[in-house]
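Asks: The chain contents come next:
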Amino acid sequence: MTAPAMTFHPQPEPGTPTPWAFPAPQRLTLANGLTVLHCHRPGQQLVAVEVLIDAPLAAEPAGLDGVATILARAFSEGTDTLTAEQFAGELERAGANMEAHADHPCIRAVLEVPASRLERGLTLLADALRSPALPADEIERLVANRLDEIVHEQANPARRAAKALYAELFPADDRLSRPRSGTAETVHGIDRSAVKAFYDAHVRPSTATLVIVGDLAGVELPELLESTLGRWTGDQAERSTVASVTADDRSRVIVVDRPGSVQTQLLIGRVGPDRHHPAWSAQILGTYCLGGTLTSRLDRVLREEKGYTYGVRAFAQPLRSNAEGTGQAMLAISGSVDTASTAAALADTWAILRTLAAEGLTDAEREEAVQFLVGVAPLKYETAGSVAATLADQVEQQLADDFQAEVYRQLAELDTAAATAAVVSAFPPDRLVTVLVGDASVIAEDVKALGIGEVTVIS
Amino acid sequence: MANPAPASTGGIAITEHRLANGLRVVLSEDHLTPVAAVCLWYDVGSRHEVKGRTGLAHLFEHLMFQGSANVSNNGHFELVQGAGGSLNGTTSFERTNYFETMPTHQLELALWLEADRMGSLLAALDEKSMENQRDVVKNERRQRYDNVPYGTAFEKLTALSYPDDHPYHHTPIGSMADLDAATLEDARAFFRTYYAPNNAVLSVVGDIDPEQTIAWVEKYFGTIPSHDGKQPPRDGSLPEVIGREVRELVEEEVPARALMSAYRLPHDGTREADAADLALTVLGSGESSRLYNRLVRRDRTAISAGFGMLRLSGAPSLGWLDVKAAGEATIAQIELAVDEELARFAAEGPTTEELERAQAQIEREWLDRLTTVAGRADELCRFAVLFGDPKLVNGAVARVLDITADEVRAVAAARLRPDNRAVLVYEPVAASTDEEEQAA
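Residue numbers (my numbering), protein chains in the order written: chain A, 1 to 459; chain B, 460 to 899.
Hints in this document: simulated from the structure, not taken from any laboratory.
From a predicted model like this one, the values you see are computed outputs, not experimental measurements.
Cβ atoms here follow ideal geometry from the backbone N, Cα and C, with glycine treated the same way.
A portion of the hints provided could be inaccurate.
[What the hints assert, rightly or not] Chain A is nowhere near these chain B residues, computed Cβ spacing over 12 Å in every case:
1) Lys615
2) Asp637
3) Val700
4) Arg703
5) Arg770
6) Arg858
7) Asp865
[Said to hold, decoys possible] Computed spacing ranges between beta-carbons, pair by pair:
8) B:Pro669 - A:Pro222: 39 to 45 Å
9) A:Glu413 - B:Gly767: 45 to 51 Å
10) A:Ala347 - B:Asp758: 49 to 55 Å
11) B:Asp758 - A:Ala197: 26 to 32 Å
12) B:Ala857 - A:Pro222: 33 to 39 Å
13) A:Thr326 - B:Ala528: 51 to 57 Å
14) B:Val607 - A:Lys448: 25 to 31 Å
15) B:Arg706 - A:Tyr408: 51 to 57 Å
16) B:Ala528 - A:Ala400: 45 to 51 Å
17) A:Leu221 - B:Asn853: 27 to 33 Å
18) A:Gly451 - B:Glu711: 35 to 41 Å
Looking at chain A on its own, in the form it has when it is part of the complex:
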C-alpha cells in the first residue's frame, strides 16, 4: 500500500456494565375474569398487546384441522358494528396493526398501536374478540385463500421440510403430526358454522390472558382495560389441559424429492427438554455453541471453512408445554446447502456432533456464548413487542412470570460441563431424524452411503 498507514491502538477494555434485568410484569384480573400482565417501558411509544386465547389446535374437531387458523384470521373480518372493510380501515386509521394466528398451545392475537391511540386500538381488539361478525362470505374467502396458500407452501423448501419432519416424528393421532393450518382435505370442510362453533366453544375471557407492554405513563390501565376488553363476556370454564408429547426419533433419512433444486434444504431434528426442564438454560447455551451464529461449530466448518451454505442454525423451539413438565421442544438443525455438497455437508455435520460428544465444549466458547446470550438481552428486549412476546410465551407455556429473568441468572453461572452435557444429550448423532428437500436423483445415493439412517425417498 502506498498510502501512509494509520496509527493502531490496543484493543480497548470494556467499561463498567450497567445492570439490567428482564422486566417484571404486574398482574391484575378484570371483572370478566380476563387475566392481565402489564409492564411499563418508558419511551416505548408503540404499545404491544398480546391476547392468548385458550383454543389449542388439539381442540379442533376431528377432520377440521385448520378451523382455529380460519377463526384467527376471521377476527379481523368485521364486528357487530363494522364490516370487514371498515374494520381494516379503522385499524389503519389508528396506525395500528393487528393479526392473530393459531398454534398448538393457543390462538394469539397481537396488536401494535401508538400510545396516543391506545384506547382506540384496544376498543377494536376487544370488539374483534367479543363480537366478531364471522361473515359467511368472508369465511368462504378465507378458506379458498388457505387452499391456495397450501399450494404455495408445497413449493417452499423450508415449509415442505417442516411438514415432513413433523409427520415423521409424531404419532398420526397427535395433532402435532399434522400441519398447523390444516391440509387441503380438512380445510375444504370448514364453513361459517364450524368456525362459529369453535369460537363459541373456546373463546372466552375467563380462560384468556392479555399482555400489555409499552410506555403506559399517564394511562389509568385498570379503567382503560375495563372499558374496552372488560366488555368481552363469557361463561366460566376450566383451562384446557396440555397433553404430553412423544416422538419417534429413531435415526432415519427422508428425502423429499424436489427435482431441479439447486440447493438441498436440511432439517435434522428430534424432541427434547422444554423450558420446564432443569437443563433448559444449559441446553440454550450448548445449542448456541453448536449452531447459534456463524462462529458456532456448525457454521465455522460448513460456512466459513467449506462454503457449503449461507448459514446453518441449531435451535430449540417449545411445542407444547405444561406446568407438570411433560411437554417437549423441537430440537433441530436447519439450513440449506448447494446440491452437490449435500452428502459432504451431512458428513461434516455428523463429524461435528461426534467430536462434540467425544471432546465437549471448551471453556472459551462457553464463556463467549454466555457473554453474548446475557449481554445481548437489553438489546433483544429494547422494544415493547419483544418483551410482550416473551411474557406471552411464558404464559402459554405455564411458566412463572420471572422465568426469563431466572434464565439469565442461570446462564451467567453455568459451567462448561453442564452446557456440554445438555447439548450432547439434545443432539445425539444416532437419534436424529433427517429430512432433505432436494433433487433425489442427485443426492439420494450419496446420502445412503453416509450411514446416518435408512433412506426413504418420498415425493
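Following the hints, position chain B against chain A.
Replies: Leaving out everything else, chain B in the frame of chain A:
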C-alpha cells in the same frame, strides 16, 4: 374526527462532527436502555459496479468480516458477540452499511473494530477468504433467489425497468458468472477506491457520552488517511416516464399465476416521492387498501395484492405491485381490475379518510423504525449520505403529513399508468411436482 398524532416522531437530538480526514460523524444521545448503536454507511453500492463485475460490492461486504490488521479471520463477529453485541452488514443499490449494537460499556470496542477494517483490511485479505466467501455468497444467492418460487422476480423486473447500461439495471446480489469472475485484485481495488473515511458517515446512537464518544472516534479513526480515488457512479437519471409498457412472460414451475409490475416513480428525497408513497399506500398497503378490497375481497381473483416502494435517490424510485392469483383466475382479469382502479384513483385521488389512514400507517412505520437505537442510527446515516443532512430525519413524518390529496392524485395520474411500467407475468408450467403435491 381528530386523529391524534403519536407523541414523539420528531425531535431526535443530533450533533454533527467532521474529522480532518473527512469522516462525517453523527451522534444522538438517549439513555432509555443501556445500549449504543454504531452504524457506518459507505457511499458505495451495486450502482458503482462495472460490467462483468456485478455483485462485487456485496461480495466485498462479506470480506469486511474476514479480519484486518489487528482482527483475526471472523474476529469481528467473535469480539462483538462475545461482548454481548449484535452486528451485520447489508448492501443495496446505493450504499453499503455495517452496524453493531453494543451494551453501553462495550461501545469503544465496536469503534475500534470498525476503524481497524476501514484502515487496514488489505493487511488480512487473502485468496482463501475470497474463495470461501465467493462460495458463501453463491449459496446466499441460491437460497434467497434461485431455489424459491418467484425468487428471481426482483432481478427480472429491475432489469426490465432500467435500460441495459444503466447503473441500476442489475441487483446487488449479482450474477453467478460475475461472482465466479471476481478476483482478489478486484476486491483490493474496490477497497482502495471506495473504503475511505471521506466516503463514509459514522453514526453512534443511544446511551453515550458524546464528548467521550467523539474522543474515541478521533483516536481510532482520526489517522486513517483519506483518498480521492472514488469514481462517481454512472449517471442514473432517466426520463420521468418510460413511454411504453415493457413486458415479459415467465413460464416456470411456480405454484400460481402472478402479476408483478414496477412503475417508474420520483427520486427519493423529493416531495413527489412522499406523495407517491401515499398513493401506493392507499392503493396497495394493508387490508383496507383499494387493490386488496377489489382483488382479494370482492373479485376474489387474488390471494394477495399489494404495492411497495423501492426508494432510490440516484435513479427513479420504483413502485412495486405484487399480485398472486387465486384459484383459476387469469392475469387478464387481474390486470383489467388493476388498471380500472389505477385510472379511477388518477381521476379522483384519495378520499379524506383514505389519506388520513395512509398517513397514520406511514407515521407508524416511522415510529417503528425509530424505536430502536439501531434503527435511528441507520436513518441518520441514510439522510447524511443520500441527502447531506442527518437532521432531515426529524422532519420526515411532518413532510408526509403535509402532502395534500391533490398532490397524491397528481403523482398517480402522472406515474401509475400502463405506459410507465415494466410487467412480469408468471404462468405456471405443468411439471412432475403436480402429482407429488397430492401424495405428500
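Asks: Does each hint fit the structure? Answer for all of them.
Replies: Hints, one by one, checked against the model:
no.: 1; hint: Lys615; verdict: holds (17 Å)
no.: 2; hint: Asp637; verdict: holds (17 Å)
no.: 3; hint: Val700; verdict: holds (30 Å)
no.: 4; hint: Arg703; verdict: holds (32 Å)
no.: 5; hint: Arg770; verdict: holds (20 Å)
no.: 6; hint: Arg858; verdict: holds (17 Å)
no.: 7; hint: Asp865; verdict: holds (21 Å)
no.: 8; hint: B:Pro669 - A:Pro222: 39 to 45 Å; verdict: holds (41 Å)
no.: 9; hint: A:Glu413 - B:Gly767: 45 to 51 Å; verdict: holds (47 Å)
no.: 10; hint: A:Ala347 - B:Asp758: 49 to 55 Å; verdict: holds (52 Å)
no.: 11; hint: B:Asp758 - A:Ala197: 26 to 32 Å; verdict: holds (30 Å)
no.: 12; hint: B:Ala857 - A:Pro222: 33 to 39 Å; verdict: holds (35 Å)
no.: 13; hint: A:Thr326 - B:Ala528: 51 to 57 Å; verdict: holds (55 Å)
no.: 14; hint: B:Val607 - A:Lys448: 25 to 31 Å; verdict: holds (27 Å)
no.: 15; hint: B:Arg706 - A:Tyr408: 51 to 57 Å; verdict: holds (56 Å)
no.: 16; hint: B:Ala528 - A:Ala400: 45 to 51 Å; verdict: holds (49 Å)
no.: 17; hint: A:Leu221 - B:Asn853: 27 to 33 Å; verdict: holds (31 Å)
no.: 18; hint: A:Gly451 - B:Glu711: 35 to 41 Å; verdict: holds (37 Å)
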